[in-house]
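Engineer: The primary structure of each chain is shown beneath.
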Amino acid sequence: MATILTTTTDHVAVTGAGLLGRLFAWQLLADGHAVTLYDAGDLDVPPAAAWTAAGMVAPLCETAISERCVHDMGRFALTQWPQWLQALDAASLWQQHGSLMVAHPQDLGELTQFRHDLDHALGGNAPCQPLDAREIHRLEPDLAPGFQQGLYLPDEAHLDNRALLTRLLDEIRALGGECHAHCPVETFPGEVVTADGRRRFDLVIDCRGTGARPRHPSLRGVRGETLHVQTDEIRLSRPVRLMHPRYQLYVVPKPEGRFVIGATQIESEDRSPMSLQSSLELGSALYTLSPAFAEARILEQGVNLRPAFLDNLPHVTHREGLVTANGLFRHGYLLAPAVVCHLLAVIRGHGERPFADTLAARPPQENAA
Amino acid sequence: MDALHDDTLTLYDEAFASRFLLGTALYPSPTVMQEAIRAAGCEMVTLGLRRQNPAGGDGEAFWQILRDSGCRLLPNTAGCRSAREAITLAQMSRELFDTPWIKLEVIGDDYNLQPDPFGLLEAARELVDQGFKVLPYCTDDLVLCQRLRDAGCQALMPWGSPIGTGRGLMNRYALETLRRRLDVPLIIDAGLGAPSQAAEAMEMGFDGVLLNTAVARAHRPPLMAEAFAEAIRAGRKAYLAGLMQQRQTASPSTPTVGQPFWHRDGG
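Chains as they are written, first to last, in this note's numbering: chain A, 1 to 369; chain B, 1001 to 1267.
Keep in mind that a hint or two might mislead.
[Stated by the list, open to error] Residues from chain A that keep clear of chain B, each with C-beta distances beyond 10 Å, as calculated:
1. ALA30
2. GLY32
3. ALA133
4. GLY257
5. SER268
6. GLN277
7. PRO291
8. GLU295
[As the list claims (entries may be wrong)] If you want the ones that stay clear, here's a sample from chain B, every Cβ over 10 Å from chain A, calculated:
9. HIS1005
10. ASP1058
11. TRP1101
12. PRO1117
13. GLN1130
[Said to hold, decoys possible] Covered stretches of chain B (in silico footprint by chain A; criterion: 3 or more residues with CB under 8 Å from a CB of chain A, positions within the stretch not fixed):
14. 1011–1017
15. 1061–1068
16. 1180–1194
Since the hints were made in silico from the structure, they are not lab data. Don't be surprised by glycine CBs; every beta carbon is placed ideally from N, CA and C.
Build the full structure now, drawing on both the sequences and the hints.
Structural biologist: In C-alpha cells:
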C-alpha cells in the first residue's frame, strides 16, 4: 500500500463517481494506472450533487458569502478548466462571458452590500463593473426592462456540467476504466468492501460526498433545490444573479434553450421533492428576470445534498492506501480543479500541491479520518 | 467583582446571565457561527425549522451543531403565515427539542416580514393554553403588546425595525411607551444593525436583545458578536447606574458669573 503511486501498474479504486471521482479516474487512467470506479447510484444519470448543480465557475459571486480561499481556488479553476476541457476535446462546454448581477429598484441595497463585501474581501480591485439600464440591455437584451442597475463580473464562467460528466465517463471507459454502477461500498486503506466482498487495491480514493459520512462524522448535507426549464423565447449569454434581501438566485443558460435556476440552501438532509415555497421562489425569480419565462416548460425539479464540513470548506486527507476528498459544499465546479490538482500532486509524488493550507488542514472537530 | 454579577435576565422563572440572544441563520459556515456564539457569550440561540422538513428529522446534523454550542435552543416559527401553521410547527418543535419554549412568529407581509398581529395573538392564546412558554415576535404597538401579555406571554419581543434592515430603533417613542407601560421582560428583536443601537435599547431599560443578520453578515461575525455583547453590557450598566437627563443649556436657568441676577429675565 502506498499514498504515492510509483509504477503505472498500480491499481486504484475511486469510490464515488461524481465530479471529483470522474476527474481522478480520468487523470489516473491517463497516467497509465488501472482504475476501478464505483458509485452507489447510476452512472448515466448520477445521484451526485454535480448533476443537480448549475455548473457556474463564479469566484467573485461566491466571495461575498465565502472565505477568501474560495475565491483563490476559484481563480485557479478559471485557468484549469479550459486546459482540461481542451484535453477532453470538449472546449465548447466552457463559456466565459462573465456573469451579471441585477436587483429590483427597491433592493439596490443588496448590490451595494455585495460591492462592499467584495471590496472588503479583495481590497477594492476586483474586476467588477457597475452597469446602468442601457448597459444591462446591451449585455442581455432579453432581460425584463426595469433593472436600473447591475454589476458585471467579466471573468466569470460557466460550463455545461451534464455534458462534461458524460464526456468524462466516456473517456474513462475509452481508457479502459472499470466502472461499477449501483454498487455501494465501504472504504478502507487499500481495500474496498462491496456486497460481493472485499477487494484489495494499491490505493483507494474516497470522494463519495455525503455518502462518505461513516468516514467523516462531521460531514453534513445541505439541501439545495434547482429548477430546470426549457424555452425558445429567451436567450441569455451568461449566468444572471438576482439579488434579493432573503435569497440570491441565479439562472444559468444551457444548450438547446434550457436554463437551470437555483439554488435554495437549507440546513437539512431532506432529500424529498421540492417544496412549493421553494418552487415559488425559484419560479418567481425566473419570471421577474423575464416574463418570457412564463411559458417555459419545467423539465425537472432537482433536489440534492451538498456535502459540507463545519467550515464549509473542502478538505483532503491522505495516508497509506487511502486518500479522501470531500466537502465542496455549494462550490463543486469552482473548487474541484484545486482539490483534484492538489491530491494528484500528492498521489504522483511530485508537483506543486496548491492550496495546502486549506485543503490539507483537518476538517474542524474531526480527528484523523 | 463585575457590576453585572448578580444581574440576571429572568424569562419564565429561569435566570440567564446573558442578555444577548443570537439567531443561527445566514452565517458563512457553522464554524463561524460557533465562534460568533462563543464570542457573544449568549446562553440561548434561536433556530428556524420551517423549511427543514422537521417532521422527518432531516435537520438533525445542523441541530446537533447547535446543541454542541451548549446554549438553550429556542425554536422559532419563522416562515409561518397563519396561526394554524405556527401552532403546528410549535407542537412539532416541542416534540423534537423536548422544550415548551417557542419564539412565536406569524408573518403578515412576505416582503418585510412584518408580524401579523391578529394571527400572532390568536396563536399565542392557543399555545399558552397548551402549556407553551411563548416569546412572541411583535411590533411596537402598545395595545398588541398588552393583549399578548394578557394572553399569558410572560416576555415579549418587540421589533426595533423590520427583520434584516439594520435600521435600529425606528420608533423610540413607541418603544419607550412599551417600557413604561409593561412590566414583563421585553427583548428587542430584529432590525438592529449596530452595537450602538443595542446599547441604546438597553439604556432605555429593555431586558435583552436578539439579533442575527448584523452579526452573521458582518465581514468578521465573531468580532461583531463581541462588539454587540459589550454594547449590551454597557447599555445595561448605564440603565442600572441611572442615566442623567439631558439638560437645556441654550438659555441659562441660573445666573452666570458676570451677569447680574436682576438681568435674568432679560430685564
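Engineer: Determine for every hint whether it applies to the structure shown.
Structural biologist: Hint-by-hint comparison with the structure:
1. ALA30: At roughly 35 Å from the nearest Cβ of chain B, A/ALA30 sits farther out than 10 Å, so the non-interface label holds.
2. GLY32: holds, 39 Å
3. ALA133: holds, 23 Å
4. GLY257: Since the minimum Cβ distance to chain B is about 31 Å, A/GLY257 lies beyond 10 Å and the statement holds.
5. SER268: Given a closest Cβ separation of 4 Å, the condition is violated.
6. GLN277: violated, 7 Å
7. PRO291: Non-interface label on A/PRO291 holds, nearest chain B Cβ at 20 Å vs cutoff 10 Å.
8. GLU295: holds, 25 Å
9. HIS1005: holds, 32 Å
10. ASP1058: violated, 4 Å
11. TRP1101: It holds; B/TRP1101 is separated from chain A by about 20 Å at its closest Cβ, greater than 10 Å.
12. PRO1117: Since the minimum Cβ distance to chain A is about 22 Å, B/PRO1117 lies beyond 10 Å and the statement holds.
13. GLN1130: holds, 26 Å
14. 1011–1017: violated (count 0)
15. 1061–1068: holds (count 3)
16. 1180–1194: violated (count 0)
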